[in-house]
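Undergrad: Combine both chains into one complex, guided by the hints.
These protein sequence lines are chains A and B, in that order. At position 237 of the first sequence the residue is numbered 237 (our numbering), and the sequence of numbers has no breaks. At position 327 of the second sequence the residue is numbered 1327 (our numbering), and the sequence of numbers has no breaks.
Don't take each hint at face value.
Covered stretches of chain B, as calculated for chain A (at least 3 residues, CB under 8 Å) [unchecked claim]: (1) 1054-1067; (2) 1389-1400; (3) 1423-1430.
Since the hints were made in silico from the structure, they are not lab data. Think of the CB as a built atom: it goes at the ideal place given N, C-alpha and C, for glycine as much as any other residue.
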Amino acid sequence: MNPFLAQCRASFEAQATLEAGVAERGQRQAEWTRFEALGWPTTRLEDWKYTTLSGLEKLSLQNSVEPREEVKGVPPSLPLEGIPANRLVFVDGAFQPNQSMIDRLPEGVRLRFWSDLDAQERERFTHKMAPARALTAFGALNGALFTEGVWITVDAGCALEAPLHLVKVSRTGQRMSHGAVLLELGENSGLTLREHCVGNTDQPTHSNWVTAIELAPRARLTLVKVQQEGLLSYHTAALHALQRAGSHLQVFSFALSGALGRNDITLRLIEPHAECVLKGVYRVADRALQDFHTSIEHDSPHCTSDECFKGVLEGSGKAVFNGRVRVALDAQKTSSRQSNHNLLLSDKAEVNTKPQLEIFADDVKCSHGTTVGQLDEEQWFYLRARGIAADLARTLLIQAFTLEIAEAIPHVGVREEVRHLLSGTVEENDHV
Amino acid sequence: MNSIPDTLEGLISLEYRHGFETSIESDEIPKGLSEDTVRLISARKNEPEFLLEWRLEAYRRWLKMTPPTWASVHYPPIDYQDIIYYSAPKSQKDGPKSLDEVDPELLKTYEKLGIPLHERAILAGVAVDAVFDSVSVATTFKDKLAEVGIIFCSFSEAVQHHPELIKQYLGTVVPVQDNFYAALNSAVFSDGSFVYIPPGVRCPMELSTYFRINAKNTGQFERTLIIADRGASVSYLEGCTAPMRDENQLHAAVVELVALEDAKIKYSTVQNWYPGDKEGRGGIYNFVTKRGDCRGARSHISWTQVETGSAITWKYPSVILRGEDSVGEFYSVALTNHRQQADTGTKMIHVGRNTRSTIVSKGISAGFGQQAYRGLVRMARSATGARNHTQCDSLLLGDRCQAHTFPYIEVKNNTATVEHEASTSRIGEDQLFFCRQRGLSAEDAVSMIVNGFCKEVFKELPMEFAVEAQKLLGVSLEGSVG
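Bound-form chain B, shown alone (with noise of 0.2 Å):
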């Protein structure tokens, strides 16, 4: 990319701009991990009996397990002993029961964000689930959503209030067997978010959890559960932000989403966590399991994510199309830089008549960033009529980058029509002159051209995660041309 100035070289040292710490005494376990460490993490939050049995079967499981291979990133071997397993930040035992409760260094940080939770919340019309490590510390709007019935709170106050809704739901997406990380989360997860529907509501805001990793060596392990009942439809943001930190920390989330009848589920995720510096020391790991279930006819799951931080991401957001008619959605854009790694994708599993799923993926590889799109698509004996159409897209900068893609396309069902494009390049050369030409600074013109490609995705995008997304981008863009 002769074209550009030298002067863009300055911009590729551009530091993560949400590294700070905040000090706040935590209440933690010590490291390791054994049986005794998930009756720990289950007494302390008061689970219920059933749900300590699931934890442990999950661990005895978890411990015949070995860790995945097969995706495309590279790092040292984790040892699960030396990580801390649950914290919880102390000013949690009082309880706030409103933002003035809160402690008011939970809140700055917020603020450093760029989140101000009630002007936020009042503006936007979001009601935030902020979690702060591992225990949910404020929940807005909760009062006005139970109006209309719908719950939406922390897992743990989920485990205390209905445990008959996750005695029916917990594991039912995701088993624990599931893989590697999965059952590991299983076995300890600490907290996430709760969300159900009831039959015939139409949430009347987005929802959002703001996740955040906070006190040093804690895995965060993530447990998110949402249930759109007949005929409910829910928006879901997610968004990460992480201060700088020298250890590379572990993050095993699951979500499970359920839709049944008619129920339509949006999840979008805005991911910023700490991609570790420029030779890739620090950053997070980031295993996740993600995956909806369109259990009823005419159901609608849609996955959303815009991926920039994280040094490894290990994701791949699917949806199982067991419903008649029901839809799938993935859109993405997953953005590598410095030494960062992504090994990303979607499954899309039909199993009803007339399924329909759509795959947008788009990839942005920079520096030394490496990237992969994995993607199945199955199209069952039953899934007559059904319909799959895949595109996904990878735009590389710079000389060292790599991008990969492995999509699995099964097809056993002579109805089901599936299409797959792909296509790899770099900017073009007569598009960035053209844009150079009429005055535009080289990185405007590398951010408008980036930000034509995501196009696609943005606009799946909630509004206020719309703006978000393409400043990120931007910001996370401009030290890479070069």
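Next comes chain A alone, as it looks inside the complex (with noise of 0.2 Å):
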């Protein structure tokens, strides 16, 4: 057993003896087994073919099993100040009442935390998040390590017009956080919700957390999840969503540091007219790794999908993407376009990309196309022409390739934040 396993062991342990109820021991228990079965994720199995954990299996982390765990003191760099309201701030996974702000959301948001929550509720909440759970091992280890979780709710018609933030901090080093977040939208509701993952440690950590995500006929919902962790985090996702009739759901991933990240989208539309917007970026440094695996699943008729993934390259850095689009059976005049494009800016990064279609009704528009290359000569060529120093031109192209990807981000401000974190991300890199 690596370090990492058996670290994940000891916690696992630790944990069953503080839980209260014999049926949540019960679950944690069933989720250990499973995670057991399903083996620690090799380079043999197709789904990690081109992604290896050995950094993470030689790190002996620690994992917070208080869900209250109070953090005096978040540290100033974290972005805290520039949220004003409506925000959730979970530190190493424990979630902390005294920096967040929840008290000026309106009646329609009911927010219900895991520890707080009776053992019928916790049933609900195990079973709505099982399909996120199944995703990866990483689910599973998660279903029997987590520390806390929280079950958003908002009721049919109720829209949000300012973001909810959710803040999740690896503040101390040597930490694995395994949180959970359950988003349930009634009919006609609408909500965004701001995923921030940040860390500023200097020291290896691993954030591994599941989001269920269950929409209405006719809500919407966008989804902006920005990776900014430390230069060693270790970053495990995995998102799950349904989406009944007419639902509209956008998500916006951006990857944008850390040693190590691997995200897990699957896009359920279940009922007809459903559609969805699935988009990232993922910048990747030397030394890297990004990977992206979604599947979006066209279960009923007449729904569309949209998806798009942009990546820049650097130094040794590495990235990985899947994208699988099933179209089942019967879900005719189904709507979908992928696309996956890479800029490599160094010769020794590399990019694994499989765009993948799987199609068994015939009345069907399906597309994907994928590129990977350099920056356009030509368009540099056109900025030098005018007189644009060459790492402008250089900084130029590379925010034009990504920030397409912000640009269609509904929410204004949450737009142009990303912008901003786009740009900025592309400038200090030129310092280093």
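TA: See below:
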């Protein structure tokens, strides 16, 4: 057993003794058994073919077991000040009531926490989290080890104008954090959720969150996630969404830093006329790796999906993109678009991409496209010919490449903020 | 597809056109596979010691391997002990020296298939090395080819007369342990074609082999080896038809192409083996390993295939682009109808600088047909300035068919450019309406649209094949619209 697993086991055993109810212990035990049965992901598995976890294996990380373990004074470098209201703060997986600001949420929005739930509600919560946890072995690990979970429900007809911020902080090194988010949107409701994954420690951390989403008919959700953890951070995340008739889901995922990131995203369109948009940017620094495994499942007719991921790779950075689109039998009139574009800025960078279409219906329009290349020489020449310095021209072109994704974010405030972040990373990297 | 009249329904039940069986006495060895079988095959063919050793090595490795399960095809497990591994027509013992000596029954078979050997050879200038089951029985134009130094003969002849070439090149592109079926083939391969084009020679005619599976329960294990020496060029045609039968037949061929400096090999296939009946019974299992090796600088290997037959196709003609500025091409039309399954695609492995590859794959899926494009484009770290363009389109006819795409793209060099695009759709109602409005019948309209869809690939085929391919597609499709 590798050090990481050994520590996970120790943590699991510690947690099992803490847990009050017999039922919860049983649930955690079941997930742990499943995790052990699935085995540690190795490159021999198709889903992990290009992503090696050898770095994570060697780490011995502590898990937080106390769901409300208060952390005093979140470091000022974290962007909490910029987030005025409607924020939920988790530090190393534990909820921070004092840092959070949730008193100004409208009545239609309810927040419940795992640690406050009764046995019956816990069972429902676990049941609803199950498909998300089933996506990878890390999902099972989350089910066994998670510290706290938040259950966000938006009542029918309630639409929130201001975004809700979910801040996940990796504050201390040598820690892992396992948390769960359940989002339920009622009919005709609307929400923008901005997820901040931040950390400023220069020691290794592992963040392993699982998110489950259920959208009732005609609900609209925009989820904007930005990963900005430390250089030595490991980030694994699973997202599973169920969309009912006419619902509209937009997921934006920006992986901007970290040693290794792995996102498993599955969006299921289970009733007619549901729409989903899945967009993302990965900026991979030297020796880092970002891996996106996405799956859009058209289980019902008349649904549309639009997916686009863009990657910028530097140094010996490595990126993996596996985009699967499955159109089930009888999911007629499906329209699906998918694209993945990669910019290799260094001769040591590596991209492994696999846009995968599985189609079982005939009346469909599905397309995918992939490109891997360098900055366009003609564009470069255009800028240089107009007296723009080499590094600025380069910055401009990279910005233009990635900003296209941010432009699609509907909420103005969030869009501006992400634009700023994307521009920032380019400049910072140039000064290094 | 409501606009198609019901009369088309009748066409769906169209049976296999080439379903007949020629009864010729065959010389068979007992069923089953063991080291003895391998030794027996080798002995029958009077092979040199090195080849027997090579076969045994492959057999021993094969024993340790398991059949691949990753392909999206489904079939009952194959009993490898229930197959006859060698079958030669008895008449072969005397060895026909000209067409007149060939068994008239055989010639009739070819005639039924629409390929009268001599006529075709003379008119079209094609030399045909016809493989009837496992032993070549007629090779034409050999003398003419010999004049320019080209060796074009059956594999077993090559083993007897040119063992040094066999020893030098056999298994260098597809090693014995490459995969389960390649290992099986290496152990028990019966016969096939061998081509060697000497330096600087441009082959004066299109070379062609017609493969045909005839005797019952005979798995065919063809082995083809084509070597184009420096500056040589050759175009090779392979076509297949097989009689109707009830039991599934295994076909595990291996094709190896070697292109040295400035050489060019164009390999075209029209595959029309028995696909099974409407319920998918009795079709041929086609598990083929085809690979080309662009060894020299500026070499060029091109695969063109039209796949309409077989119950199951498992085939990935690949090119290893080792030489600088070498070029690999893959053009494919694959059609699955009724219960046919095809998992096919290509691999382009870019190793050399400024290597280029093009992939155009057109899949047509009808009825309950299942189709998957599985491709790999790999840009190694050394592949500076390499380029790839991939286009794979699928056309769906019928609401119970499937089309899947699994393109693997691995890029380790930042100067390499890779483009991949794919689309899946069915024939547009507006396109059909347009044609129907102008007085075309529904089936003509569909045929025209499908042919347009495949045109990019057909134009890569040699003349003789292009005509046959279009006809074949028409026949195979007619039954599927509804």
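Undergrad: With a C-beta cutoff of 8 Å, work out whether three or more residues of the stretch 1423-1430 of chain B approach chain A closely enough for the coverage to hold.
TA: As far as the stretch 1423-1430 of chain B goes, the hint holds, because 4 residues have Cβ atoms under 8 Å from chain A.
Undergrad: Go check the stretch 1054-1067 of chain B versus chain A for me, would you? Three or more residues, Cβ under 8 Å, otherwise it fails.
TA: With 0 residues closer than 8 Å to chain A, the stretch 1054-1067 of chain B misses the three-residue bar; violated.
Undergrad: Can the stretch 1389-1400 of chain B be counted as covered by chain A under the rule of three residues or more with Cβ-Cβ separation shorter than 8 Å?
TA: holds (count 6)
Violated hints amount to a single one, hint 1; each of the other numbered hints is respected by the structure.
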